[in-house]
Every structure is written in C-alpha cells, then in structure tokens.
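Novice: Spelled out from the first residue to the last, the chains are:
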Amino acid sequence: MECLIGIRGKDFVLMAGDSVAGRSVVAMKKDHDKMYQLSNRLLMAACGEGGDTVQFAEYIAKNIQLYRMRNGYDLSTKAAASFTRRNLADYLRSSTPYFVNLLIGGYDDSDGADLYYMDYLGSMVKLPFGVHGYGSFFVLSVMDRYYKEDMTRDEALVLLQRCIDEIHERFIINLNSFKVKIVDKEGIHVMKDLRPTTKQPEETPGTQSMDIV
Amino acid sequence: MNGDADKLLAYNGGAVVAMAGKQCVALASDMRFGRDQFQTVSSQFPKLYCLGPRLYLGLTGLISDIQTVSETMQYHVNLYELNERRQVKPHVFTSMLSNHLYAKRFGPFYVESIVAGLQPKTYEPYLASLDILGGTTVSKNFSVTGTCKAQLYGMCEPLWKTDLDSMNLFEVLSQALLNAVDRDALSGWGATVCIIEPDRVTLRTLKARMD
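One line per chain: the protein sequences are A and B, in this order.
So the first sequence is numbered by the numbering used here: it starts at 33 and just counts up by one.
So the second sequence is numbered by the numbering used here: it starts at 6 and just counts up by one.
Don't read these hints as lab results, they were simulated from the structure.
One or more hints might be untrue.
To be verified - List of simulated lysine to any residue pairs, SDA-like, C-alpha gap at most 25 Å:
#1 A/LYS180 x B/THR77
#2 B/LYS12 x A/LYS180
#3 B/LYS212 x A/VAL157
#4 A/LYS110 x B/THR77
#5 A/LYS158 x B/GLN92
#6 A/LYS158 x B/GLN79
#7 A/LYS158 x B/THR77
#8 A/LYS158 x B/LEU53
#9 B/LYS109 x A/ARG125
#10 A/LYS94 x B/GLU76
#11 A/LYS110 x B/SER48
#12 A/LYS158 x B/SER48
#13 B/LYS212 x A/GLU81
#14 A/LYS158 x B/LYS109
#15 B/LYS12 x A/GLU81
#16 A/LYS180 x B/ARG214
#17 B/LYS212 x A/TYR178
#18 B/LYS212 x A/SER173
#19 A/LYS231 x B/GLN49
#20 B/LYS12 x A/PHE131
#21 B/LYS212 x A/PRO160
#22 A/LYS158 x B/ALA213
#23 A/LYS110 x B/THR210
#24 B/LYS12 x A/THR128
#25 A/LYS110 x B/CYS55
#26 B/LYS109 x A/SER126
#27 A/LYS158 x B/ASP41
#28 B/LYS212 x A/ASP176
#29 A/LYS158 x B/GLN49
#30 A/LYS110 x B/TYR54
#31 B/LYS12 x A/TYR178
#32 B/LYS12 x A/PHE169
#33 B/LYS12 x A/ASP176
#34 A/LYS231 x B/THR45
#35 B/LYS109 x A/SER114
#36 A/LYS110 x B/LYS212
Here the structure is a predicted model, which is why all the values come from computation and not from measurement.
Please take these sequences and the hints and turn them into a complete structure.
Specialist: Here is the structure:
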C-alpha cells in the first residue's frame, strides 16, 4: 500500500514517499518519513515489511558512515548501492531475509546524480525514474509520457505532482500526503510535503422542478 | 527436485543466445528487466558480462542471482589472474562457474549461463551452456537460454551454418534473437549483440520492438 517515487534530473535526484504508516486496515501515522539519510549526499527510500525497513535502513546507514570514518571519504552512489544490493541478496537466503524495496538516490562528483532501484530479492538497476508499490501501475505510464532527460527542479516537481494526482484519482487507498526530498551537490534538501491538487467540484446542471398540476 | 525453479527462472524474464563462427563467436541478449511477470521495470538491462578480452558470460534467470553470480565470477577471475599471472582460458572458467553453481546444490542460484569465448593462441570459438546446478554442455554451433529457449532453438537451427564470418554471424544471430523474443511476453524490450574476434570485440545495440 506504500508508494515510493524517484526522479533523476539534470544534477539532482528528487525522491518522494507517501507518509502513511499503517498496519492492516489502520493508518497509524499520517506524517511518517520513509526516507533515510545514508550520508551527506545519499538518500534511501524504503518500503515493505514493517520492522525490516527501519532495521535494514539503519544497518546500511551505519555501515556507510563506518566506511566514511575508516577511509575519510564517502562511498560513491554506485558503490553504496552495490553494497546494499549485496547485503539484501546475501540475507535473502539466510534465516532472516529483509523484505524491503528500495530507491537509492545520490550525488557524487564523478558520476553526477544517480537513482538506483532495488527490489527485495536484491535485483538492482540504474533508472531515470523509479516507482515502488501499487502506485507504480499508475505512475510509470505518466512518467513515460512526461519525463525528459535533464529536467530542472521545477519541472521535476510538476511531474511529481502529476504522479501524486494520478494516484489520488485511481488508487483505492488514500495516500494524500507525500514527503519530498531533493539530493544534489549541496546535500539533501527537505521540500514541502506534496498533496493531491484539490479539484473544484464540478457544477452539476441544476434540476428544474416540474409542476405536476 | 525443486518445483519452484521454473517459476523463479521466469520471474524476471530474459533471453541469451550465442553462436560460433569462423575464428569468431557472438553473444546476444535482450534488455528487459521485468518484475513479477507483468511489469517492466527497465529496458536498459543487458545480460552480458565481460570477464576477459575474449571471454564473455551471458546469464538469464533471477536478476538478483545474475548480479550475484556475475560479481562473484569476476572476483574469482581477478584472483586467478593475480595468482597465475595469465588470462583464464574459457574451459577453465566454465569449470570454475560449474563448481560455484554446484556448491549450492540444495539451494541453487536461479541462473542459466552461457560462456562464450575464443581459445587463446588458436582463437577457436568456445561455447558452453550451464544449467542452475552447473551441468555443462559444450556446443559446436550455438547455445540458447532464457524464457524463450524453445523459440530460440527454432530460430537458430535453420539459420546457423558452419564457418560464418563475423558480419554474417552478426546478422544470423540478430535475426535469431529478435524473432524469438517477439514470440515471448517476458523477453525483448531491446537487444544487444557482442561479436568477439581475435583482434576486437564489437558491442552493438539492435533496433527492436519495444513491447
């Protein structure tokens, strides 16, 4: 029922995740942030099994920080994503697999902005835009139509708003708030939460009363 | 033995085919990364991995395992070349891969592999295919694997001829792949071909039906 969206722009990655934390039919928290900071310029959005998401995200984040402490510099986005993938794949065949789907967005000086999509089996691919969850069925088509390479931040936000509106229109679960963050050269920036655009109610033609007599 | 194997091998979809020619070998794969059979995540996922100047590995099956196996084999090849101070021969690499796969006999990697390369010095083509447990078959003509294995056999058998030169081999292999994946819902979305000759390796992307 969760939805994660990632869009790669010219020199940034825009990431968004719905902010509903729920169990079964209950929405327990409506302002939950599903994005975890791995380092200054690395952001990971995680969805899936309840405890697994937080446990795995924190485990990866701490290990990325450990690398930084040991070596004095950050892992590149590609290396951090590979490290995460290998961990997911190794744990898959253990007695404690992690059921988490991830989007990793980062910026480094050599490769620029990169977005990596990873599913719970440990398959990873670099994408211009990626979506996890049921929302993907609705959003991927919108992205195929409106996405273009080297978008500006404003254009990406407009595209993201379109995606959120489509989910609100057609997805049966109410995801009415998305946390939004941008990763770029300067670091991770928290943007304003995005909500579906409220439409003006359509004017129904007035019914004319008929005199029966 | 493992009833889930077929289901897991078809989870992501994919196809790889290789053919031998005169002093050359060619390997091709589709570019689809699918999820849960119905969704296409990416059309930029080639399944060919370069492990040496004249040694390529093509893998189909579960993409997570494709990535794990190719990374692990790269590690083994690197270690071999550091220790032995020479390049690994194709048949030796095939044995290494077979051993690595059989080591997981009772919890296998869901990958079906094709090793394509040229023997050092003689530059004779070498083609081998391996199943999920590392069972190896060395071929003289072509090897196929993937969700459209049957369609690929059907295309390769009539098109392949002995001693094709690299240009003709490229044409024959491309047609075999493109037409086979067009009859499979889980493969396609682009194609990439790699021709390995004694003095060069050429990578080409084919114009394919994107459905």
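Novice: For each hint, tell me whether it holds in the structure or not.
Specialist: Going through the hints against the structure:
A threshold of 25 Å between alpha carbons decides the hint, and for A/LYS180 with B/THR77 the separation of about 36 Å lies outside it, so the pair is violated. With a C-alpha separation of about 35 Å, the suggested pair B/LYS12 and A/LYS180 falls outside the 25 Å cut-off, and the hint is violated. Using a Cα cut-off of 25 Å, the hinted pair B/LYS212 and A/VAL157 holds, with the two alpha carbons roughly 21 Å apart. Taken as a hint, the A/LYS110 and B/THR77 pair is honoured in the structure, with Cα atoms around 17 Å apart against an allowance of 25 Å.
Between A/LYS158 and B/GLN92 the alpha-carbon distance is near 30 Å, which puts this suggested pair outside the 25 Å criterion. Using a Cα cut-off of 25 Å, the hinted pair A/LYS158 and B/GLN79 holds, with the two alpha carbons roughly 20 Å apart. Of the supplied pair hints, the one linking A/LYS158 and B/THR77 holds, its CA atoms being roughly 20 Å apart against a limit of 25 Å. Annotation: proposed proximity of A/LYS158 to B/LEU53 holds, straight-line Cα distance about 16 Å (limit 25 Å).
The hinted pair formed by B/LYS109 and A/ARG125 meets the criterion: a straight-line CA distance of about 11 Å does not exceed 25 Å. About 24 Å separates the Cα atoms of A/LYS94 and B/GLU76, which keeps this hinted pair within 25 Å; it holds. Restraint check for A/LYS110 and B/SER48: satisfied, since their Cα atoms lie roughly 19 Å apart, inside the 25 Å limit. With a C-alpha separation of about 11 Å, the suggested pairing of A/LYS158 with B/SER48 holds against the 25 Å cut-off.
For the proposed pair B/LYS212 and A/GLU81, the alpha carbon gap of about 40 Å is over 25 Å, so the pair is violated. Taking the CA atoms of A/LYS158 and B/LYS109, the gap is near 29 Å; set against the 25 Å cutoff, the hint is violated. At most 25 Å may separate the alpha-carbon atoms for a hinted pair to count; B/LYS12 and A/GLU81 meet this at roughly 23 Å. Between A/LYS180 and B/ARG214, the direct Cα distance comes to roughly 21 Å. Compliance with the 25 Å bound is thereby established for this hinted pair.
Taking the CA atoms of B/LYS212 and A/TYR178, the gap is about 23 Å. The hint holds against a cut of 25 Å. With a C-alpha separation of about 22 Å, the suggested pairing of B/LYS212 with A/SER173 holds against the 25 Å cut-off. A distance of roughly 37 Å separates the Cα atoms of A/LYS231 and B/GLN49; the hinted pair therefore is violated under the 25 Å criterion. Among the hinted pairs, B/LYS12 with A/PHE131 is consistent with the structure: their alpha-carbon atoms are about 19 Å apart, no more than 25 Å.
Between B/LYS212 and A/PRO160, the direct Cα distance comes to roughly 20 Å. Compliance with the 25 Å bound is thereby established for this hinted pair. Only pairs whose Cα atoms come within 25 Å are accepted, and A/LYS158 paired with B/ALA213 is accepted, the gap being roughly 21 Å. Distance hint between A/LYS110 and B/THR210 is fulfilled; the C-alpha atoms sit about 24 Å from each other, no more than 25 Å. A hinted pair counts as satisfied when its Cα atoms are at most 25 Å apart, and B/LYS12 with A/THR128 qualifies at roughly 22 Å.
Distance check on the hinted pair: A/LYS110 and B/CYS55 sit about 19 Å apart at the alpha-carbon level, within 25 Å; holds. Under the criterion of a C-alpha separation no larger than 25 Å, the hint pairing B/LYS109 with A/SER126 is consistent with the structure, at around 13 Å. At most 25 Å may separate the alpha-carbon atoms for a hinted pair to count; A/LYS158 and B/ASP41 meet this at roughly 19 Å. A hinted pair counts as satisfied when its Cα atoms are at most 25 Å apart, and B/LYS212 with A/ASP176 qualifies at roughly 19 Å.
Simply put, A/LYS158 and B/GLN49 have alpha-carbon atoms about 9 Å apart, close enough for the 25 Å limit, and the pair holds. Simply put, A/LYS110 and B/TYR54 have alpha-carbon atoms about 17 Å apart, close enough for the 25 Å limit, and the pair holds. With a CA separation close to 35 Å, the supplied pair B/LYS12 and A/TYR178 exceeds the 25 Å bound. The straight-line distance between the Cα atoms of B/LYS12 and A/PHE169 is roughly 22 Å, inside the 25 Å bound, and the hint therefore holds.
A threshold of 25 Å between alpha carbons decides the hint, and for B/LYS12 with A/ASP176 the separation of about 29 Å lies outside it, so the pair is violated. The straight-line distance between the Cα atoms of A/LYS231 and B/THR45 is roughly 32 Å, outside the 25 Å bound, and the hint therefore fails. A threshold of 25 Å between alpha carbons decides the hint, and for B/LYS109 with A/SER114 the separation of about 22 Å falls inside it, so the pair holds. Proposed proximity of A/LYS110 and B/LYS212 is contradicted: the alpha carbons are some 28 Å apart, above 25 Å.
Comparing the model with each earlier hint shows violations of hints 1, 2, 5, 13, 14, 19, 31, 33, 34 and 36; every other hint is respected.
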